[in-house]
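Protein chains in written order, with my numbering: chain V, 1 to 205; chain F, 1001 to 1205.
For the record, the hints were derived by calculation from the structure and aren't laboratory data. Heads up, some of the hints might be wrong.
Label pairs and their in silico Cβ distance ranges [to be verified]:
1) V/Gln-37 / F/Leu-1087: 42 to 50 angstroms
2) V/Gly-173 / F/Lys-1118: 44 to 52 angstroms
3) V/Leu-127 / F/Gln-1146: 38 to 46 angstroms
Here are the simulated SDA-like pairs of lysine to any residue, each with C-alpha atoms no more than 20 angstroms apart in a straight line [claimed, not checked]:
4) V/Lys-47 / F/Leu-1087
5) F/Lys-1128 / V/Thr-108
6) V/Lys-3 / F/Lys-1128
7) F/Lys-1128 / F/Gln-1146
8) F/Lys-1128 / V/His-123
9) V/Lys-128 / F/Asn-1147
10) V/Lys-128 / F/Ile-1025
11) F/Lys-1047 / V/Lys-47
12) V/Lys-47 / F/Asn-1147
Stretch by stretch, here's where chain V covers chain F in the computed footprint (C-beta under 8 angstroms, at least three residues) [what the hints assert, rightly or not]:
13) 1093-1106
14) 1139-1150
15) 1169-1175
Computed from a prediction, not measured in an experiment: that's the story for all the values here. Glycine is no exception: its CB is placed at the ideal position from the N, C-alpha and C atoms.
Protein chains: 2
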Amino acid sequence: MLKLYDFLPSGNGYKVRLLLTQLQIPFQRIEINILNQESRTPEFLQKNPNGRVPLIELESGEHLAESNAMLVYFSEGTPFYPHDRLLQAKVLQWMFFEQYSHEPYIATVRFWITELKKAQEYHAEILKRRPSGYAALGVMEQHLAQNTYFVDNRYTIADIALFAYTHVAEEGGYDLSGFPAIRNWIEQIQAQPHHIPITDPCTSS
Amino acid sequence: MLKLYDFLPSGNGYKVRLLLTQLQIPFQRIEINILNQESRTPEFLQKNPNGRVPLIELESGEHLAESNAMLVYFSEGTPFYPHDRLLQAKVLQWMFFEQYSHEPYIATVRFWITELKKAQEYHAEILKRRPSGYAALGVMEQHLAQNTYFVDNRYTIADIALFAYTHVAEEGGYDLSGFPAIRNWIEQIQAQPHHIPITDPCTSS
């Protein structure tokens, strides 16, 4: 069976858990507690030399890292990934935006506060990252004020990638009250068939 | 004709210039000097609300942002992007690695030093980013010690994406002398047909 090495609070892991659940692809979830450096053991580094979760182990034994690469891999040929070449590139555009312009500001700040529990220690760095986090939310709000979803006006992996950390942005101290289009989009996504919350370890899979 | 909004010293812009040249796709390059905030004008923000270069304008007038999304868009169906679904996902894996684990440490430090010319002002931040930059180079070295290229043992857009900032890492103060496999790979890439250096504005295109 497919194995997902995962850390439950991770939005990146959640992206993959959510898509696999919505595609009804069964998988075994293996918890890797990154707070105990479990992704940096010699055994894990053999699987992913970059020392990060999530990580997929295919039935062939091959590994695939990077949550957004996994989203493409599993969604290809399904309604979650468009068939048209330019629409595919638009999906990728939003996923690279997520990893470069969104995740380091929104996910990382949440990690310091909720997982490391070091809001005080990271106070100056958190303040430094806030404007970039709000800028990313602003770009999303502007797009969602005119479109129901990110690409092709339907739910795709671009939405899954951006939903993962946006819907818990408030745990990182971001105030979403000024972003009505984002809040509406979050509700649309939570209403999708087979949706699961980030806290669901999918142990029944 | 295809338009590329670009900033000449940008490795992200160079990725696209290099691929288009190697594919022999003609394009018009439009210089956007980000040091003068030219990517944040109202006119440019209409084209890319995220205010970044490179940006592609297709003949249809549609825009595509994010250098690595452009690489996929233009290389699909060519030898630069594999046909196999898992190999495609591996290419994407390395491109997301590049944007998340490599670019913020290697490209950003080079930008502060060579473009902003503020090595002194950013000294503490540069020292903070060094270990992550060397960690990314270590992951690459380990892979290239056993493989000629990143995916499928042939030159693909994964190599182009990683080459762009790695071959100028020394401009950001990184010492590549301890990375013989990376240095050999750089030479392999520079020997590819229709290779151009990062300083080439492709004005003849």
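Here's how the hints hold up against the structure:
About 31 angstroms separates the C-beta atoms of V/Gln-37 and F/Leu-1087, a value inconsistent with the hinted range of 42 to 50 angstroms. Range check, V/Gly-173 to F/Lys-1118: Cβ separation about 29 angstroms, and the 44 to 52 angstroms hint is violated. For the hinted restraint 38 to 46 angstroms between V/Leu-127 and F/Gln-1146, the CB-CB distance of approximately 43 angstroms keeps it satisfied. Under the criterion of a C-alpha separation no larger than 20 angstroms, the hint pairing V/Lys-47 with F/Leu-1087 is consistent with the structure, at around 17 angstroms.
Taking the CA atoms of F/Lys-1128 and V/Thr-108, the gap is near 16 angstroms; set against the 20 angstroms cutoff, the hint holds. In summary, the hint linking V/Lys-3 to F/Lys-1128 is not supported, as the alpha carbons are separated by about 35 angstroms, beyond the 20 angstroms threshold. Note on F/Lys-1128 and F/Gln-1146: the hinted pairing is violated, with a Cα-Cα distance of about 30 angstroms set against a maximum of 20 angstroms. Proposed proximity of F/Lys-1128 and V/His-123 is supported: the alpha carbons are some 17 angstroms apart, at most 20 angstroms.
For the suggested pair V/Lys-128 and F/Asn-1147, the alpha carbons sit about 40 angstroms apart, so the restraint of at most 20 angstroms is broken. A C-alpha spacing of about 41 angstroms is found between V/Lys-128 and F/Ile-1025, which places the hinted pair above 20 angstroms, so the restraint is violated. Of the supplied pair hints, the one linking F/Lys-1047 and V/Lys-47 is violated, its CA atoms being roughly 41 angstroms apart against a limit of 20 angstroms. Between V/Lys-47 and F/Asn-1147, the direct Cα distance comes to roughly 16 angstroms. Compliance with the 20 angstroms bound is thereby established for this hinted pair.
Judged by the Cβ-Cβ criterion of 8 angstroms, the stretch 1093-1106 of chain F is covered by chain V as claimed, because 9 of its residues qualify and three suffice. Figure legend: the stretch 1139-1150 of chain F, annotated as covered by chain V; annotation consistent (3 residues with Cβ-Cβ distances under 8 angstroms, at least 3 required). Here's how the stretch 1169-1175 of chain F fares: 0 of its residues keep a CB closer than 8 angstroms to some CB of chain V, so the rule of at least three is not met and the hint is violated.
Hint violations for this structure: numbers 1, 2, 6, 7, 9, 10, 11 and 15, all remaining hints satisfied.
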